[in-house]
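Colleague: Next come the chains, spelled out residue by residue.
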Amino acid sequence: MKFLFDSDTWQEIYGSIRKNKARTVITIIGVLWGIFLLVVLLGAARGMENGFKKLFGNFATNSVFVWTQRTDTPFKGFQEGRRFKLNMNDIKALKSEYGDKIKFLAPRNQTNNLLVHNFKSGDFKVSGDYPVLDKIQKKKLIYGRFINQNDILSYAKVTVISEDMYKQLFDKGVIPIGEYIKINSINYKVIGVYGPSQGIDLDGDTAYIPFSTFKRVYNTANNIDWMVITADENTNIKQLESDVKLTLKSLHKVHPEDNRAFGSFNLGVEFAKFTDFLIGMQFLTWFVGIATLIAGVFAIGNILLITVKERTKEIGIRRALGATPKSIRQQIILESVFLTTVAGMLGIIFGGTILFFIDLATSSNEDIPLVNPTVNIPIIFIAFTTLIVLGTLIGLIPAHMATVVKPIEALREE
Amino acid sequence: MIKIEKLHKSYPIGKDSLHVLKGIDLHIKEGEFVSIMGSSGSGKSTLLNIVGLLDVHDEGNYFLNGQLIKELNEKKAAILRNKFLGFVFQSFNLISYKTALENVALPLYYKGMNRKERLKIALDYLEKVGLKDWANHLPNELSGGQKQRVAIARALVTKPKVVLADEPTGALDSTTTDSVMDLLKDINDEGMTVFVITHEEEVAEQTKRIVRLKDGVIISDEYTKAAKAV
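Going line by line, the protein sequences match chains A and B.
First residue of the first sequence: 177, per the numbering used here; consecutive thereafter.
First residue of the second sequence: 99, per the numbering used here; consecutive thereafter.
Keep in mind that the hints were calculated from the coordinates and are not lab data.
All of these numbers come straight from a predicted model, not from anything done at the bench.
Some hints could be false.
To be verified - No farther apart than 30 Å at their CA atoms in a straight line, the calculated lysine-lysine pairs in the BS3-like style are these:
| no. | chain 1 | residue 1 | chain 2 | residue 2 |
| --- | --- | --- | --- | --- |
| 1 | A | LYS314 | A | LYS268 |
| 2 | B | LYS226 | B | LYS196 |
| 3 | A | LYS197 | B | LYS209 |
| 4 | A | LYS195 | B | LYS323 |
To be verified - The following residues of chain B were derived to be distant from chain A, with all beta-carbon distances above 10 Å:
| no. | residue |
| --- | --- |
| 5 | ILE111 |
| 6 | LEU116 |
| 7 | ASN159 |
| 8 | GLU172 |
| 9 | ARG179 |
| 10 | ASN180 |
| 11 | LYS181 |
| 12 | HIS235 |
| 13 | GLU239 |
| 14 | ILE316 |
Claimed, not checked - Here chain A is said to cover these stretches of chain B; the calculated rule only asks that three of the stretch's residues, wherever they fall, bring their Cβ under 8 Å from a Cβ of chain A:
| no. | stretch |
| --- | --- |
| 15 | 145-154 |
| 16 | 183-191 |
| 17 | 205-212 |
Where a beta carbon is used, it is the ideal one built from N, C-alpha and C, also for glycine.
Input sequences plus hints: build the corresponding full structure.
Modeller: The structure is reproduced here in structure tokens:
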């Protein structure tokens with residue numbers, strides 16, 4: 177390894193590279209292009225991933241929404257087309273049966289009401305919720321806080337509204353916390369204002385009030401409109417969905433084969449589709465990038481091979497002057513590695529620059545799902561190492577060719 | 099210095115083989131100035147290549163500086179070449195993208211000498227061949243005679259035991275031929291063994307011993323007037 181740090185080694189390499197300018201440039205372009213593509217593609221793929229992640233925002237994606245519809249099969253004396261409602265007993269039953277698989281379980285009741293504050297008013301959705309909703313979809317609070325357990329226990333008449341609602345109902349500059357707004361002619365104290373959610377928005381502009389308060393005010397008894405189930409990370413959400421439905425069917429005397437009684441939307445499955453797409457794209461990126469890299473490295477090998485042929489005589493002279501085959505090999509391999517390294521670095525720099533400009537061009541445009549197109553340093557490092565290893569391996573071929581010729585034959589070459 | 103006993107060498111040509119050297123016996127002592135004469139095809143270049151460790155012989159013994167040369171791998175051969183032998187070629191064989199100075203310094207590089215030191219020594223040798231002012235010129239900026247002098251400086255720079263010159267004047271006109279031969283004579287006068295291959299009678303006559311080769315055998319081996327004059 178000592179020869180690596182010998183200035184003479186580099187002097188020799190510099191000499192031979194300077195002599196073969198055309199070769200050097202072509203070689204560098206070959207590899208540069210490969211790593212450039214890899215960097216740009218990986219960056220774009222990452223940007224897209226980030227874009228999708230932004231689309232799903234702060235939502236717990238391993239979730240399924242379940243509500244009731246009409247039955248489509250007669251069962252246990254009930255006719256088809258029966259309407260029924262989910263209730264708190266279902267929640268209890270699900271919690272006890274799937275407690276280890278369910279991370280969050282949020283029963284929800286919703287309605288639309290007129291909201292009034294002083295002389296301003298607006299028609300908005302009102303939702304009775306538990307604090308757990310904030311865990312399923314993180315609310316970005318601008319003022320105050322979200323509903324807590326105390327609010328639930330004390331049937332507090334408090335509400336958390338969106339920023340848009342705040343703007344519509346309040347004068348500019350008024351701090352809304354502690355102010356009262358009327359929902360369905362009942363006064364609620366505003367305890368929080370949340371900003372627009374990034375990506376998926378479950379409810380839109382909604383006034384959140386404690387679930388217990390909702391139950392009492394709207395007289396919903398034990399019934400609930402629908403529920404959000406967030407599964408544990410290791411749980412198959414699709415399986416959980418069908419399990420939960422089966423349990424609910426038995427609880428509500430619905431035929432096990434009934435396909436209409438329970439409606440659901442499985443966010444986890446939809447998200448998995450995107451994830452699969454991204455994985456596919458990343459695989460493609462790696463495949464294309466690495467294939468291009470290999471092509472580039474082969475180009476280096478090819479060109480080195482040609483130059484070795486061209487330099488047969490020079491190598492012969494060097495050997496007559498006492499160059500050992502090892503030193504000749506070292507020099508050629510080092511040339512190969514040096515060229516690939518320089519080309520690789522340039523490729524990474526160019527790729528990075530292009531990504532920077534892509535980011536600059538797309539960051540202001542919300543329609544393009546490309547956020548922060550970057551490439552991980554470890555990935556670059558791996559690609560770079562691969563490049564150097566390949567450069568070494570491919571350099572072995574011309575290096576071998578250079579020394580396999582007897583010096584006498586090399587000298588005879590004209 | 100160089101001792102050759104019953105040396106045989108043949109080259110395969112297709113299915114047949116060409117027997118080039120047919121039992122050469124030659125003993126060159128230290129400080130001798132020997133020329134090998136012979137028409138083309140006489141085997142003189144083959145002999146030089148074997149002596150120069152650029153090629154291997156088939157049969158017989160070859161002692162270089164008392165060391166039996168046998169089953170030499172490339173690495174050992176390279177080290178021995180670097181240590182004992184200096185080459186001067188007909189076509190100069192300078193490396194075109196290196197300056198005269200760098201060309202002269204190259205054998206020292208393979209010897210493992212640092213750059214500063216070897217450039218200093220190389221410059222001394224260039225001065226010796228009268229080309230100090232041309233040190234930073236590339237070979238294509240030099241005349242044939244100058245190139246050959248650079249090549250001689252390069253051959254000498256490692257202080258070898260033997261300088262092997264393969265038709266050193268073959269590409270030169272008569273004036274430059276004389277100057278190159280004078281240089282070789284000077285080197286020999288300093289005690290260096292010089293081994294020249296040539297087909298020019300005038301060149302051979304300037305050496306001290308002429309070995310004539312024909313069809314792979316030595317037909318005569320005699321000392322010249324130049325030798326007797328000393």
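Colleague: If a hint holds in the structure, say so; if it doesn't, say that too.
Modeller: Right, here's what the structure says about each hint:
1. A:LYS314 x A:LYS268: Given that 30 Å is the threshold and the Cα spacing comes to 24 Å, the pair holds.
2. B:LYS226 x B:LYS196: Given that 30 Å is the threshold and the Cα spacing comes to 20 Å, the pair holds.
3. A:LYS197 x B:LYS209: holds, 28 Å
4. A:LYS195 x B:LYS323: violated, 48 Å
5. ILE111: For ILE111 of chain B, whose nearest Cβ neighbour in chain A is about 14 Å away, the distance exceeds 10 Å, so it holds.
6. LEU116: At roughly 15 Å from the nearest Cβ of chain A, LEU116 of chain B sits farther out than 10 Å, so the non-interface label holds.
7. ASN159: holds, 20 Å
8. GLU172: Per Cβ check, GLU172 of chain B is inside 10 Å of chain A; nearest 5 Å; violated.
9. ARG179: Check fails; 5 Å does not lie beyond 10 Å.
10. ASN180: violated, 2 Å
11. LYS181: The assertion about LYS181 of chain B is violated, with a minimum of 7 Å to chain A.
12. HIS235: The claim holds: HIS235 of chain B sits with its nearest Cβ about 16 Å from chain A, beyond 10 Å.
13. GLU239: It holds; GLU239 of chain B is separated from chain A by about 16 Å at its closest Cβ, greater than 10 Å.
14. ILE316: holds, 22 Å
15. 145-154: As far as the stretch 145-154 of chain B goes, the hint holds, because 4 residues have Cβ atoms under 8 Å from chain A.
16. 183-191: n = 3 at 8 Å, threshold three: holds.
17. 205-212: Answer holds; 5 residues pass the 8 Å Cβ test.
Of the numbered hints given earlier, the model fails hints 4, 8, 9, 10, 11; all others are met.
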